[in-house]
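The whole structure should be built from the sequences, with the hints applied where relevant.
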Amino acid sequence: MAEVVLFQLPISIFGSLELAVATLLERRQSVNRWFPAVRLKMDRVRPGEPDSLEASLMQLINDHHDKSLKLRAFTEQSKKDAVQSATRVSDLLVDAVNGGVQEAYAIEKKIEMEIRALAASIMRFGKQTDQWLAASHAINTAIKEIGDFENWMKTMEFDCRSITTAICNIHQA
Numbered sequence: 013m014a015e016v017v018l019f020q021l022p023i024s025i026f027g028s029l030e031l032a033v034a035t036l037l038e039r040r041q042s043v044n045r046w047f048p049a050v051r052l053k054m055d056r057v058r059p060g061e062p063d064s065l066e067a068s069l070m071q072l073i074n075d076h077h078d079k080s081l082k083l084r085a086f087t088e089q090s091k092k093d094a095v096q097s098a099t100r101v102s103d104l105l106v107d108a109v110n111g112g113v114q115e116a117y118a119i120e121k122k123i124e125m126e127i128r129a130l131a132a133s134i135m136r137f138g139k140q141t142d143q144w145l146a147a148s149h150a151i152n153t154a155i156k157e158i159g160d161f162e163n164w165m166k167t168m169e170f171d172c173r174s175i176t177t178a179i180c181n182i183h184q185a
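The opening residue of the sequence shown carries number 13 in the working numbering; numbering runs sequentially from there.
It is worth saying that the hints were derived from the structure and are not from the lab. Backbone N, C-alpha and C define an ideal beta-carbon position, used for all residues, glycine too. Just to be clear, a hint being listed does not mean it is correct.
Below, a list of computed lysine-lysine pairs in the DSSO-like style, where the Cα atoms sit at most 27 Å apart [stated by the list, open to error]: (1) Lys-91 to Lys-79; (2) Lys-82 to Lys-92; (3) Lys-156 to Lys-166; (4) Lys-139 to Lys-122; (5) Lys-92 to Lys-79; (6) Lys-139 to Lys-166.
Distance windows between CB atoms, simulated [stated by the list, open to error]: (7) Thr-99 to Lys-139: 54 to 62 Å; (8) Ala-129 to Thr-167: 35 to 43 Å; (9) Arg-84 to Ala-118: 23 to 31 Å; (10) Ser-133 to Asp-171: 53 to 61 Å; (11) Ala-98 to Asp-78: 50 to 58 Å.
Dropping the structure here:
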């Protein structure tokens, strides 16, 4: 019974399988020195028997292998979970950034459409202003002509009066 308790230690105490085997061998030597009766019993144990050192070492190796497999599976699952979480976080960040970008893009498109409409209105008003300017120039020219005609008429009237006065003066004299 003493061998079983002495030699079946969990590997997690030692940290590695090599350290566990070295510790077991050291303990076996220590037991041989201090407890000769146990040494005799250990010498009688045959390899392959449940209480032998070989069986204990095999048990340790199997336990270590099982724990390694479980740890590897746990690590892989944790890695997958971390990758999924990172992917989710990056997707959320992209959505948050893109939401603002999409809103800015929509506003930019509206502004561009309003600028185009305003440019079209400016062009239309420019043409209309040119038409009004041409019409007012035509009216101004007509008014000038009327003013010139009026001046000509006044000049003609003055000339006619002068001639009439001269004829009346000649006739009376």
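Consistency of the hints with the structure:
In summary, the hint linking Lys-91 to Lys-79 is supported, as the alpha carbons are separated by about 18 Å, within the 27 Å threshold. Between Lys-82 and Lys-92, the direct Cα distance comes to roughly 15 Å. Compliance with the 27 Å bound is thereby established for this hinted pair. Simply put, Lys-156 and Lys-166 have alpha-carbon atoms about 15 Å apart, close enough for the 27 Å limit, and the pair holds. As the CA atoms of Lys-139 and Lys-122 are separated by approximately 26 Å, the hinted pair is consistent with the 27 Å bound.
A C-alpha spacing of about 20 Å is found between Lys-92 and Lys-79, which places the hinted pair at or below 27 Å, so the restraint holds. Among the hinted pairs, Lys-139 with Lys-166 is inconsistent with the structure: their alpha-carbon atoms are about 40 Å apart, more than 27 Å. Checked against the given bound of 54 to 62 Å, the beta carbons of Thr-99 and Lys-139, roughly 58 Å apart, stay inside it. For the pair Ala-129 and Thr-167, the beta carbons lie near 56 Å from each other, so the given range of 35 to 43 Å is not met.
One distance hint, 23 to 31 Å for the beta-carbon pair Arg-84 and Ala-118, is violated here, with the actual separation near 50 Å. Judged by the Cβ atoms, the range 53 to 61 Å given for Ser-133 and Asp-171 holds: they are separated by roughly 55 Å. At roughly 30 Å, the beta-carbon separation of Ala-98 and Asp-78 lies outside the given 50 to 58 Å, and the hint is violated.
Hints 6, 8, 9, 11 from the earlier list are contradicted by this structure; the remaining hints agree with it.
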